[in-house]
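Residue numbers (numbering that gives the first Met the number 0), protein chains in the order written: chain S, 0 to 324; chain U, 0 to 97; chain X, 0 to 390.
Just so you know, these hints were derived from the structure itself, not from any lab. Predicted model, so just to flag it, every value in this text is computed and none were measured. Please note that the accuracy of each hint is not assured.
Among chain S residues calculated to face chain U with C-beta under 7 Å, some are [to be verified]: (1) G26; (2) L31; (3) R34; (4) N101.
Just so it is clear, CB atoms sit at the ideal spot from N, CA and C, and this is done for glycine as well.
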Amino acid sequence: MEKYAVYVPRLIKRKEKFAPGHRACIGCGEALAVRLAFKALDNNIVVANATGCMEIVASQIPYTTWHVPWIHTLFENTAAVASGIEAGYKAMKRKGVQVPDNVKVIAMAGDGGTSDIGLQALSGALERGHDFVYLCFDNEAYMNTGVQRSSATPYGAVTTTSPAGKNSIGQFSWKKNMPEIAAAHNIPYVATACHSYPFDLMDKVAKAASIPGPAYVHILSVCPTGWRSPTDTVVKLGRLAVETGIFPLYEVENGQYKMSIELPKLKPVKDYLKQQGRFRHLSDDIIAKIQERVEIEYQKLVEKAENGSKRAKRKSKTGAAKIST
Amino acid sequence: MAKSESELTWKDLEIGCIVTEPGSARQYETGAWRSQRPTYDFSKCIKCGICQLYCPEGCVEQNEDGVFEANMFYCKGCGICAKECWTRVITMVEEEEK
Amino acid sequence: MTTRVGIEVSIALADAVKMANADVIAAYPITPQTHIVEHLAELVANGELDAEYIPVESEHSAMSACVGSASVGARTFTATAGQGLELMHEVLYIPSAMRLPIVMAVANRALSSPLSVWGDHSDMMAVRDTGWIQIVVENGQQAMDNILCAFRIAEDKRVLLPVMVHLDGFNLTHVVEPIVFPEQSDVDKFLPAYNYPLPLNPDRPVAMGDFAPPVIFTEAKWAQEVVLRDSKDIILECWNEFGKTFGRQYFPVERYHSDGAKVLLLTVGSFGETAMVAIDKMRAEGNDVGQIRLRLWRPFPFEELRQAVKDADILIVLDRAISFGGPGGVVASEVKAALYNLDKKPRIVSYVAGLGGRDITVAAFEAIIKNGIEIARTGSENEYEIYGVRG
Numbered sequence: 000m001e002k003y004a005v006y007v008p009r010l011i012k013r014k015e016k017f018a019p020g021h022r023a024c025i026g027c028g029e030a031l032a033v034r035l036a037f038k039a040l041d042n043n044i045v046v047a048n049a050t051g052c053m054e055i056v057a058s059q060i061p062y063t064t065w066h067v068p069w070i071h072t073l074f075e076n077t078a079a080v081a082s083g084i085e086a087g088y089k090a091m092k093r094k095g096v097q098v099p100d101n102v103k104v105i106a107m108a109g110d111g112g113t114s115d116i117g118l119q120a121l122s123g124a125l126e127r128g129h130d131f132v133y134l135c136f137d138n139e140a141y142m143n144t145g146v147q148r149s150s151a152t153p154y155g156a157v158t159t160t161s162p163a164g165k166n167s168i169g170q171f172s173w174k175k176n177m178p179e180i181a182a183a184h185n186i187p188y189v190a191t192a193c194h195s196y197p198f199d200l201m202d203k204v205a206k207a208a209s210i211p212g213p214a215y216v217h218i219l220s221v222c223p224t225g226w227r228s229p230t231d232t233v234v235k236l237g238r239l240a241v242e243t244g245i246f247p248l249y250e251v252e253n254g255q256y257k258m259s260i261e262l263p264k265l266k267p268v269k270d271y272l273k274q275q276g277r278f279r280h281l282s283d284d285i286i287a288k289i290q291e292r293v294e295i296e297y298q299k300l301v302e303k304a305e306n307g308s309k310r311a312k313r314k315s316k317t318g319a320a321k322i323s324t
Numbered sequence: 000m001a002k003s004e005s006e007l008t009w010k011d012l013e014i015g016c017i018v019t020e021p022g023s024a025r026q027y028e029t030g031a032w033r034s035q036r037p038t039y040d041f042s043k044c045i046k047c048g049i050c051q052l053y054c055p056e057g058c059v060e061q062n063e064d065g066v067f068e069a070n071m072f073y074c075k076g077c078g079i080c081a082k083e084c085w086t087r088v089i090t091m092v093e094e095e096e097k
Numbered sequence: 000m001t002t003r004v005g006i007e008v009s010i011a012l013a014d015a016v017k018m019a020n021a022d023v024i025a026a027y028p029i030t031p032q033t034h035i036v037e038h039l040a041e042l043v044a045n046g047e048l049d050a051e052y053i054p055v056e057s058e059h060s061a062m063s064a065c066v067g068s069a070s071v072g073a074r075t076f077t078a079t080a081g082q083g084l085e086l087m088h089e090v091l092y093i094p095s096a097m098r099l100p101i102v103m104a105v106a107n108r109a110l111s112s113p114l115s116v117w118g119d120h121s122d123m124m125a126v127r128d129t130g131w132i133q134i135v136v137e138n139g140q141q142a143m144d145n146i147l148c149a150f151r152i153a154e155d156k157r158v159l160l161p162v163m164v165h166l167d168g169f170n171l172t173h174v175v176e177p178i179v180f181p182e183q184s185d186v187d188k189f190l191p192a193y194n195y196p197l198p199l200n201p202d203r204p205v206a207m208g209d210f211a212p213p214v215i216f217t218e219a220k221w222a223q224e225v226v227l228r229d230s231k232d233i234i235l236e237c238w239n240e241f242g243k244t245f246g247r248q249y250f251p252v253e254r255y256h257s258d259g260a261k262v263l264l265l266t267v268g269s270f271g272e273t274a275m276v277a278i279d280k281m282r283a284e285g286n287d288v289g290q291i292r293l294r295l296w297r298p299f300p301f302e303e304l305r306q307a308v309k310d311a312d313i314l315i316v317l318d319r320a321i322s323f324g325g326p327g328g329v330v331a332s333e334v335k336a337a338l339y340n341l342d343k344k345p346r347i348v349s350y351v352a353g354l355g356g357r358d359i360t361v362a363a364f365e366a367i368i369k370n371g372i373e374i375a376r377t378g379s380e381n382e383y384e385i386y387g388v389r390g
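Please model the entire structure based on the sequences and the hints provided.
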């Protein structure tokens with residue numbers, strides 16, 4: 000029996016930082032992911048939120064869904080705002096101003112706010128090494144504005160700006176590999192997660208917050224509205240995304256890749272694609288093409304993880320040899 | 000917040016429209032959006048709390064009997080809890096049927 | 000004891016930020032602002048200023064980081080120019096609406112295209128309506144003094160608004176001037192440590208930057224407008240206090256032989272000092288001319304302007320930017336609007352000159368004033384005149 004069946008209330012914090020009364024769509028996977036992610040964090044945080052679904056649903060003057068300090072300014076600048084918050088606290092603390100200790104800055108944005116319009120600000124903040132956690136809640140399109148394609152939209156998916164037609168299969172490009180871009184900054188911690196694996200998600204977010212320096216967690220969040228799927232299949236679809244290898248769960252800790260779940264055999268991508276309206280039009284040829292690509296990408300990742308663990312073993316051996324001499 | 004949005008004057012607003020009451024959105028009844036509602040056969044409930052874990056609203060609460068139930072003030076009726084419940088405690092029914 | 004030193008204006012301005020004991024500086028390099036932020040980076044590196052210097056990857060992020068820093072209550076500074084101010088444009092509206100007291104020096108620069116790193120006021124005019132308090136300085140001393148005033152005004156609990164200090168790129172930023180440095184102890188008294196009333200703090204969670212539905216947006220904007228308009232009294236109070244402490248007083252509309260003069264020239268920025276020489280010369284030749292200089296651009300000093308021009312028959316307004324396809328001079332257009340409903344008002348002649356670093360000499364000012372008087376008397380088909388364009 001899986002870990003979470005033991006008795007959930009004992010394992011997670013009761014208090015919701017992201018309270019009920021938010022205006023997310025019915026069955027919103029992103030709201031679920033946000034709720035879970037913030038259960039993994041303590042109260043000593045400040046949240047910088049990009050414009051997007053989670054900002055809109057949680058805020059409307061004079062109300063807020065949040066129980067922790069929260070700021071929203073614009074769409075593309077969240078990592079920069081987080082940089083300023085971190086620097087402000089650091090300077091004031093050093094100068095003896097009365098501020099709480101060890102405040103962790105959490106930046107959060109959607110896939111558009113991260114991999115498209117906010118990429119430059121994010122890259123800058125990661126490169127500068129600010130002590131913050133960046134959470135990307137990826138629902139694979141600009142859902143807040145009505146399901147337009149982003150660079151995180153998967154190949155073949157229909158959105159309002161990547162419609163299928165006589166000359167189009169839908170999204171014409173492959174999903175931008177945002178976690179790898181984050182990892183290329185050589186930051187201490189990068190991970191992928193999904194709300195369908197809640198304890199894995201919470202462990203990763205908690206770990207990200209515990210590591211000094213920048214950490215990036217990319218969280219797949221199922222969007223029934225944009226994916227044209229039934230609201231009750233949100234958790235199931237997230238599982239299928241992982242089990243088919245479409246969205247592998249892994250960590251990159253200090254450059255070391257580690258797969259989070261052992262999948263001896265990937266499920267066919269068809270099992271995942273056929274349950275969503277956005278892929279309904281895809282021909283068997285296209286599905287086969289996606290299958291091939293998914294397997295190649297998944298294998299690359301597995302090899303990175305295997306090479307990493309071999310390297311680690313070698314290192315520990317040489318270390319042992321030194322001690323014996 | 001004593002006044003509703005439509006009653007607030009410009010003088011009532013905090014500096015920079017800052018909201019000072021954490022979680023004040025709890026006043027908003029999202030349950031009104033619901034077209035389906037969960038119904039429960041608690042005799043099957045093993046009190047695992049999986050429904051609470053997967054609720055996007057965070058509105059599932061454990062009652063005095065130790066079983067889990069959605070707060071209808073917030074429940075939007077997505078049906079995730081019904082789908083994920085191991086022991087099939089929850090059945091979604093049309094809101095009109097009650 | 001104060002010290003008078005010959006120093007580049009950018010360096011003195013950065014020293015003022017040091018004396019203000021800023022906590023966070025987030026900046027991106029752009030000519031002609033670079034010397035300001037280079038010197039600040041140096042002060043931080045040497046431990047002379049205890050601050051976080053964030054070398055951001057763009058001006059958009061510079062202002063965004065400033066917003067973050069100010070939102071937790073840190074004293075925050077940045078500087079930019081021209082294109083940099085334009086890249087920031089979207090973010091500029093945030094601290095004014097969210098009431099975050101950031102101070103920014105703008106080394107005024109032309110806007111591309113064609114590329115020009117040299118000075119004019121196109122950048123200043125493009126950010127006119129961003130809700131910032133905007134002060135214009137004409138020399139290095141004023142720059143240094145007004146950086147200190149800017150922090151005090153911005154952080155006043157009755158204000159809590161961001162402040163821009165405009166200084167002309169190159170003509171001011173890159174010149175060496177004799178500047179009186181105040182005593183640190185006087186600065187500390189003038190500018191005490193401040194506490195932002197509602198910072199982002201886990202001990203007392205608040206939400207900043209909620210969205211506004213139509214039912215509340217007008218109220219939010221009106222609250223912002225009222226505080227900016229009312230900030231004028233606090234600005235005057237601050238300049239008054241500065242005058243008492245440091246012996247140099249500033250006014251929203253500065254006057255030079257303007258009382259009773261029938262012809263007035265209005266300038267904005269450092270060229271006002273060149274214009275003074277022309278005014279002196281013309282007065283010595285028996286002409287009844289005077290000058291007024293706009294120190295406070297936002298909030299606009301309606302009363303002070305009306306008072307300053309009440310005896311004049313002709314008012315020539317010099318702009319260093321073009322409102323394309325519109326009234327030409329932006330300042331002239333605002334001055335016209337400010338005076339239009341008065342029963343007695345001067346005839347207004349709008350001139351544009353000094354674009355993209357082109358000099359306006361004393362002789363040029365004389366010509367502008369003389370031609371301006373002629374145009375005011377005979378009338379012109381043009382909405383505005385451009386000075387010194389060939390062909």
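Comparing the hints with the structure gives:
no. : hint : verdict
1   : G26  : holds, 3 Å
2   : L31  : holds, 4 Å
3   : R34  : holds, 5 Å
4   : N101 : violated, 20 Å
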